[in-house]
Amino acid sequence: MMERLVNLLRGSVRVKIEGARGERFLNVCSREGIEFWQLERVSEAELRVSVHASKTARVLECARRAGFEAEVLKRSGAPFAAKRIKGRWVMAFGLLFCWALVWVSSLFVWEIEVYGSENVSSAEIKAAVEKAGVRFGTFGPSISQEDVRSIALLELPQLAWLTVNFNGSRAEIIVRERVEKPEMLEDSKPADIVAAKSGIITEQYVCRGQELFKAGDTVLAGEKLVSGVQTNRQGGQYRVHAVAQVYARTWYELSARIPAVYYQKRYTGENIEYININFMGNRTNLYFTGRNPERGYDIIYQNRSFRLSKGLVLPAALEKTVCREYELVPEQMPAEQARALLERELTERLKGQIDGEIVSSECSVIRQGDIFTVTLRAECLEQIGKTAAIDAAEGEAGFAG
Amino acid sequence: MNRLKSGDLLEKTAARLSLPGEILAGLPKVEITGRGTLTVENHRGLLEYTQERIEINGGRIMITVRGDGMNIRSMSADALLVEGTIISVELDS
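For the protein sequence lines, the chains are A and B, in the order given. Here the first sequence is numbered in my numbering, starting from 1 and rising by one per residue. Here the second sequence is numbered in my numbering, starting from 1001 and rising by one per residue.
To be clear, the hints were calculated from the coordinates, so they are not data collected in a lab. A hint or two may mislead.
Label pairs and their in silico Cβ distance ranges [to be verified]:
(1) B:1031 to A:280: 53 to 63 Å
(2) B:1064 to A:308: 21 to 31 Å
(3) A:3 to B:1031: 14 to 24 Å
(4) A:136 to B:1076: 52 to 62 Å
(5) B:1062 to A:3: 53 to 63 Å
(6) B:1034 to A:178: 41 to 51 Å
(7) A:279 to B:1031: 52 to 62 Å
(8) A:14 to B:1061: 26 to 36 Å
Quick caveat, the model's predicted, so the values are computed rather than measured. C-beta atoms are modelled at their ideal positions from N, C-alpha and C, and glycine is treated no differently.
Taking the hints into account, I'd like the entire structure generated from these sequences.
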């Protein structure tokens, strides 16, 4: 890297050498102390080397003395660029000015991106950091990481960690959300296992406690399945915190309704387009076409920011807004479509209710007037045991833990 | 003949005194890094150069480097840097 930079500043020349036994030319160069690089053997009789611009005359002279033909192929680097712009000072000044403008612009925040959030929306995070001073157009070096972190984390208690990285004019807000403390099993109090739902027991795994049912028995919701009161060999009773998993077949019936007539969007073909230029937050309309919409319309918004590189965003963006006009047309929904639509929704709802799997299901659809009623009946296999604290009044046995 | 003897003497003296041979006796110093880079110090010039074979004059020793896609990255009066896939290095007196 440094070598390339030095070569760029000093200027380099690519030279073509033609003649037999090109090694002689290389030996002459090394004896004369002429440094060369990027040696390329094009053919038996042709070599190409790069040398510093200041050594051009000596290289040509060495080649001539050694009986080679030499030709300069390309000149590159700062000295040659300076010669090219000599007499074009306005252009040079303009380039320098543009470069300075871009450099100064890169010190300000023109784009804010949020990474790492799942449950907290980017808009909430952006609003929180905006209160801490990170907003469109903020001077980057003036932002204190500590202040942003303190203020934003106080605003959003759902976040556990937050940092702001500046990549040119882009502020990258990286967050980690707080992980909710899991519900801990309080093992110090005596408890029973009761049925959370009605069903037929298929199997049960009792780690602690006295089981009261066996596989094949029918239980009702709320019934005690495993007792936390146990009897010892001497006939005495003691209380424990029952731990068990009880699996049972359960049945569900879920219903949902949907109108038989629905409204479908039909685009009229009338589009309205706005093109705006957004410079440092100030929006200027450049172009407008079409008439004002009379019915409903969809808005499609496209934003193209100008950037020189990934981290170097300019404070200007081209915004295009397209409004597509539509009208609502009543349509009859076929029964099959209603059934498919609601069956999927009811199945998802059922999955959220059970602690197990759906073994079998059937779905029926009934039309009453303009309403479809879809009913899902399902048999499930799930864990129905849940922990319930033993009443203080129940038994007087000691607690064994 | 005298010159050869003088070279031998310097080489032996360097070995006895634990001095670097390349400084006292002007011997070539060949350094290989992996299979891709070879550096020769104290060379006396190139005798042959192709991408498969490079012959380097090391004074009393002839160094032949065989390889594939070899290039001379840089060369000065003292040192020479070869890059490419180096297969073998032969030394002939």
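Structure-based check of all given hints:
no., hint, verdict
1, B:1031 to A:280: 53 to 63 Å, "holds, 58 Å"
2, B:1064 to A:308: 21 to 31 Å, "violated, 51 Å"
3, A:3 to B:1031: 14 to 24 Å, "holds, 19 Å"
4, A:136 to B:1076: 52 to 62 Å, "holds, 55 Å"
5, B:1062 to A:3: 53 to 63 Å, "violated, 31 Å"
6, B:1034 to A:178: 41 to 51 Å, "holds, 49 Å"
7, A:279 to B:1031: 52 to 62 Å, "holds, 59 Å"
8, A:14 to B:1061: 26 to 36 Å, "holds, 34 Å"
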